[in-house]
Amino acid sequence: MSLWVDKYRPKSLSLLDYHKDQANQLKNLVKQGDFPHLLVYGPSGAGKKTRVTCLLRELYGPGVEKLRMESVPITTPSGKKLDIKTISSNYHIEVNPSDAGIYDRCVVMELVKNSAQTHQLDPTGQRDFKVVVLTEVDSLSVDAQHALRRTMEKYVSTCRLILISNSTSRVIPAIRSRCLGVRVAAPTQDQIISILQMACKKEGLSLPLDLAKKIVDKSERNLRLALLMCESCKVQETPLKEKQEPILPQWQVFLKDTARSIMHEQSPKQLMEVRGRLYELLSHNIPIQIIFKGLLKELVSNCDMKLKAVVVEEAAFFEHRVHQGSKGIFHLEAFVAKFMCIYKKFMEDSVIDMF
Amino acid sequence: MQSFLKTGKLGSGSGAGPSGDKQSGKGQKRGNRPTPWVEKYRPKTVDDVVEQGDVVEVLRQCLSGADLPNLLLYGPPGTGKTSTILAAARQLFGDMYRDRILELNASDERGIQIIRDKVKSFAQLSASGIRPDGKPCPAFKIVILDEADSMTHAAQAALRRTMEKQTRTTRFCLVCNYVSRIIQPLTSRCTKFRFKPLGEVKIIERLQFISSQENVNIEQDALQSLIAAAGGDLRRAITCLQSCARLKGKDDTSAITPDDVVEVMGVIPSRWIDGLMSVSEEFDYYKVTEYLDQFIMEGYSAGQLLEQLHLKIVMCDTISDKHKATICEKLAVCAYRLQEGASEYLQMADLCCTLMLCLRQ
Numbered sequence: 001m002s003l004w005v006d007k008y009r010p011k012s013l014s015l016l017d018y019h020k021d022q023a024n025q026l027k028n029l030v031k032q033g034d035f036p037h038l039l040v041y042g043p044s045g046a047g048k049k050t051r052v053t054c055l056l057r058e059l060y061g062p063g064v065e066k067l068r069m070e071s072v073p074i075t076t077p078s079g080k081k082l083d084i085k086t087i088s089s090n091y092h093i094e095v096n097p098s099d100a101g102i103y104d105r106c107v108v109m110e111l112v113k114n115s116a117q118t119h120q121l122d123p124t125g126q127r128d129f130k131v132v133v134l135t136e137v138d139s140l141s142v143d144a145q146h147a148l149r150r151t152m153e154k155y156v157s158t159c160r161l162i163l164i165s166n167s168t169s170r171v172i173p174a175i176r177s178r179c180l181g182v183r184v185a186a187p188t189q190d191q192i193i194s195i196l197q198m199a200c201k202k203e204g205l206s207l208p209l210d211l212a213k214k215i216v217d218k219s220e221r222n223l224r225l226a227l228l229m230c231e232s233c234k235v236q237e238t239p240l241k242e243k244q245e246p247i248l249p250q251w252q253v254f255l256k257d258t259a260r261s262i263m264h265e266q267s268p269k270q271l272m273e274v275r276g277r278l279y280e281l282l283s284h285n286i287p288i289q290i291i292f293k294g295l296l297k298e299l300v301s302n303c304d305m306k307l308k309a310v311v312v313e314e315a316a317f318f319e320h321r322v323h324q325g326s327k328g329i330f331h332l333e334a335f336v337a338k339f340m341c342i343y344k345k346f347m348e349d350s351v352i353d354m355f
Numbered sequence: 001m002q003s004f005l006k007t008g009k010l011g012s013g014s015g016a017g018p019s020g021d022k023q024s025g026k027g028q029k030r031g032n033r034p035t036p037w038v039e040k041y042r043p044k045t046v047d048d049v050v051e052q053g054d055v056v057e058v059l060r061q062c063l064s065g066a067d068l069p070n071l072l073l074y075g076p077p078g079t080g081k082t083s084t085i086l087a088a089a090r091q092l093f094g095d096m097y098r099d100r101i102l103e104l105n106a107s108d109e110r111g112i113q114i115i116r117d118k119v120k121s122f123a124q125l126s127a128s129g130i131r132p133d134g135k136p137c138p139a140f141k142i143v144i145l146d147e148a149d150s151m152t153h154a155a156q157a158a159l160r161r162t163m164e165k166q167t168r169t170t171r172f173c174l175v176c177n178y179v180s181r182i183i184q185p186l187t188s189r190c191t192k193f194r195f196k197p198l199g200e201v202k203i204i205e206r207l208q209f210i211s212s213q214e215n216v217n218i219e220q221d222a223l224q225s226l227i228a229a230a231g232g233d234l235r236r237a238i239t240c241l242q243s244c245a246r247l248k249g250k251d252d253t254s255a256i257t258p259d260d261v262v263e264v265m266g267v268i269p270s271r272w273i274d275g276l277m278s279v280s281e282e283f284d285y286y287k288v289t290e291y292l293d294q295f296i297m298e299g300y301s302a303g304q305l306l307e308q309l310h311l312k313i314v315m316c317d318t319i320s321d322k323h324k325a326t327i328c329e330k331l332a333v334c335a336y337r338l339q340e341g342a343s344e345y346l347q348m349a350d351l352c353c354t355l356m357l358c359l360r361q
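Residue numbers (UniProt numbering), protein chains in the order written: chain A, 1 to 355; chain B, 1 to 361.
Since the hints were made in silico from the structure, they are not lab data. Quick caveat: nothing in here was measured; it's all calculated off a predicted structure. For glycine and all other residues, C-beta sits at the position ideal for the given N, C-alpha and C. Treat the hints with caution; some may be incorrect.
No farther apart than 27 Å at their CA atoms in a straight line, the calculated lysine-lysine pairs in the DSS-like style are these [as the list claims (entries may be wrong)]:
1. Lys322/B - Lys154/A
2. Lys306/A - Lys287/B
3. Lys287/B - Lys218/A
4. Lys154/A - Lys196/B
5. Lys120/B - Lys338/A
6. Lys154/A - Lys44/B
7. Lys20/A - Lys248/B
8. Lys154/A - Lys120/B
9. Lys31/A - Lys322/B
10. Lys248/B - Lys49/A
11. Lys306/A - Lys324/B
12. Lys165/B - Lys154/A
13. Lys27/A - Lys120/B
14. Lys27/A - Lys40/B
15. Lys120/B - Lys113/A
16. Lys118/B - Lys192/B
17. Lys312/B - Lys306/A
18. Lys306/A - Lys327/A
19. Lys322/B - Lys306/A
20. Lys287/B - Lys297/A
21. Lys113/A - Lys118/B
22. Lys11/A - Lys248/B
23. Lys80/A - Lys118/B
To list a few chain A residues with every Cβ distance to chain B over 10 Å, as calculated [claimed, not checked]:
24. Leu16
25. Gln25
26. Tyr41
27. Lys66
28. Asn96
29. Thr168
30. Met198
31. Glu220
32. Lys269
33. Ser283
34. Met305
35. Phe355
Could you put together the complete structure from these sequences and hints?
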């Protein structure tokens, strides 16, 4: 019994549902001896990880699917001891370096060096290199990225890196120029619909087209989310009905209400109330970026273009500040206060204009 | 015991056959082991280095017996800084290359402690002026500090005195992208050489040479777009050429098209940039945000968009200079914030609002 997301994850490059040309190109890549470092990027839920696992299988055969969790002890130069969780098979090792916080530099160097120095035990293995998969490269510190540069070149004979990130904006140009970029675009709505229908068919269910469309609209072209929503619909009611509403995560509704209450009244008292709600969101581990985006989407709805520009500018300003400080709530609240201020002034001005 | 030995022997014996074959197979393989073309076509001698006249001249004189100053090589990535100094070192020292060169780069531990211990002790060793085979060679060693701009200030400061004291036996060569990140006392102790971005003609020459060597079929248009996207970075151009060739596969003999190049280089197709401009002109906030959502879904990077948009804005004739300045300032702010990890959506929305207001007036 596993989630549909895992159950219907394609296992090999030839089984992928979309971006088939790219899959073919990757296959060509594997066939030739010299495999480059890869930088796989695309929005979340587009199938980056799926493609990487397929690629690894194509490289090494079914052996890569025997995974084990390990925790690797790493000592930082200052003598601090860290344990890093890794997922590895005989042929590859996967790690999320941002787990190590500011010590990600040591983790990256140590891991790549370790796996590059040990050769493949079995000489009959087809490949004479191992693969290190680094996920969430966009949260890797600049220091660690610089450390990667030369390491990548030095150990190129025994080790290849596959970097996975959401965007290449935060990857330094030096790394980008050393990797082959693989862009994984999100699937189109039609592609998601056909995948959902296929999954439902295999489960012995029929998925009404209207419901599928609703799910796809809500999922914002995130295939993982769409599949999860589809499955939760099934749990809610089987067989699936046309009129059924896909369940939105509760925090999204909550966020919308918060934005509405800000629009409703602008006063210090209201600010206190909003603070409580923001804390609530943060304590449920909703990323600040998403809160900002959600708030902004609602808040600008009642503004004219000039005011919109101001509000967006403020949002961009405060969201950037979040990354410099450590406490997100300050900046969130500052944004809300600033918005109230601007909005109230705007409203008062327009009232004065009327008279 | 015996059985143990026996099995051991048997094991090794049975293993010997195939592994012996493997060995020979491996030996063959090593002969034409696939190497990145960047490494394969790295200049072997100083004379091979493309352009960069001044440095090459100094190094050539050094090769013919003159003294070598401390060097500081700086310039944009992919212009041949590391290649030049490595080629020179190889020519200077030949087989003794390993003993005479200490190469440190950002991936090695390079704090103040290493400068004090490793570099200092290496610098203090004296070197003879004769090679083992009797030929003369310069009586000094070279410490190459690659990517010196990522060294800490403390480590750089620790270098100052070491550099002066050991001039008799050691030369330093600092390689970096941004000379402004090297502290003043160090730059004043070195002869600075700027590496210019390579000219188009030279890159074309080099790429055509490589593609003829590797039997790559590339369209002339594709070559042009490759060069435009590489922007004077030869390493990037060569890597891209190789990636395109790999993705095509060996059996496919069709030529590389401009589209392939654009995809591999991660360049955003120009229709997206034009689309953004025209959607901003319509002055509808919701259309713009929708367009941005689409853009992010396609997986293109915002940083790249800023770069390409900048070119577009600067070259555009219909926008007044004042507005160009406003937009460019916003571009700079957004690029900086993106580098720091800010959300792509918000930054791009901010940029688009500025763009809309400017285009409107």
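Hint check:
1. Lys322/B - Lys154/A: violated (48 Å)
2. Lys306/A - Lys287/B: Holds - the C-alpha atoms of Lys287/B and Lys306/A are around 16 Å apart, at most 27 Å.
3. Lys287/B - Lys218/A: Given pair Lys287/B, Lys218/A holds - Cα atoms ~18 Å apart, limit 27 Å.
4. Lys154/A - Lys196/B: holds (26 Å)
5. Lys120/B - Lys338/A: violated (56 Å)
6. Lys154/A - Lys44/B: Since the Cα atoms of Lys154/A and Lys44/B sit roughly 18 Å apart, the hinted pair holds (cutoff 27 Å).
7. Lys20/A - Lys248/B: holds (14 Å)
8. Lys154/A - Lys120/B: Holds - the C-alpha atoms of Lys120/B and Lys154/A are around 24 Å apart, at most 27 Å.
9. Lys31/A - Lys322/B: Violated. Lys31/A to Lys322/B sits at ~54 Å, over the 27 Å cutoff.
10. Lys248/B - Lys49/A: holds (23 Å)
11. Lys306/A - Lys324/B: holds (19 Å)
12. Lys165/B - Lys154/A: violated (31 Å)
13. Lys27/A - Lys120/B: violated (50 Å)
14. Lys27/A - Lys40/B: Holds, at about 24 Å.
15. Lys120/B - Lys113/A: Holds, at roughly 25 Å.
16. Lys118/B - Lys192/B: At roughly 25 Å apart (the allowed maximum being 27 Å), Lys192/B and Lys118/B satisfy the hint.
17. Lys312/B - Lys306/A: holds (24 Å)
18. Lys306/A - Lys327/A: violated (30 Å)
19. Lys322/B - Lys306/A: holds (19 Å)
20. Lys287/B - Lys297/A: holds (13 Å)
21. Lys113/A - Lys118/B: holds (20 Å)
22. Lys11/A - Lys248/B: Holds. Lys11/A to Lys248/B sits at ~23 Å (cutoff 27 Å).
23. Lys80/A - Lys118/B: holds (23 Å)
24. Leu16: At roughly 16 Å from the nearest Cβ of chain B, Leu16/A sits farther out than 10 Å, so the non-interface label holds.
25. Gln25: The claim breaks: Gln25/A does not keep its Cβ more than 10 Å from every Cβ of chain B (closest is about 4 Å).
26. Tyr41: violated (6 Å)
27. Lys66: Consistent with the label, Lys66/A stays out of reach of chain B, its closest Cβ about 23 Å off (over 10 Å).
28. Asn96: Nearest chain B Cβ is 16 Å from Asn96/A, so the label holds.
29. Thr168: violated (4 Å)
30. Met198: With a cut-off of 10 Å, Met198/A remains clear of chain B, as the shortest Cβ separation is near 21 Å.
31. Glu220: Violated, because the least Cβ-Cβ distance between Glu220/A and chain B comes to about 8 Å, which does not exceed 10 Å.
32. Lys269: At roughly 28 Å from the nearest Cβ of chain B, Lys269/A sits farther out than 10 Å, so the non-interface label holds.
33. Ser283: Answer for Ser283/A: holds, closest chain B Cβ roughly 21 Å.
34. Met305: violated (6 Å)
35. Phe355: holds (28 Å)
Of the hints listed earlier, those the structure fails to meet are numbers 1, 5, 9, 12, 13, 18, 25, 26, 29, 31, 34, in rising order.
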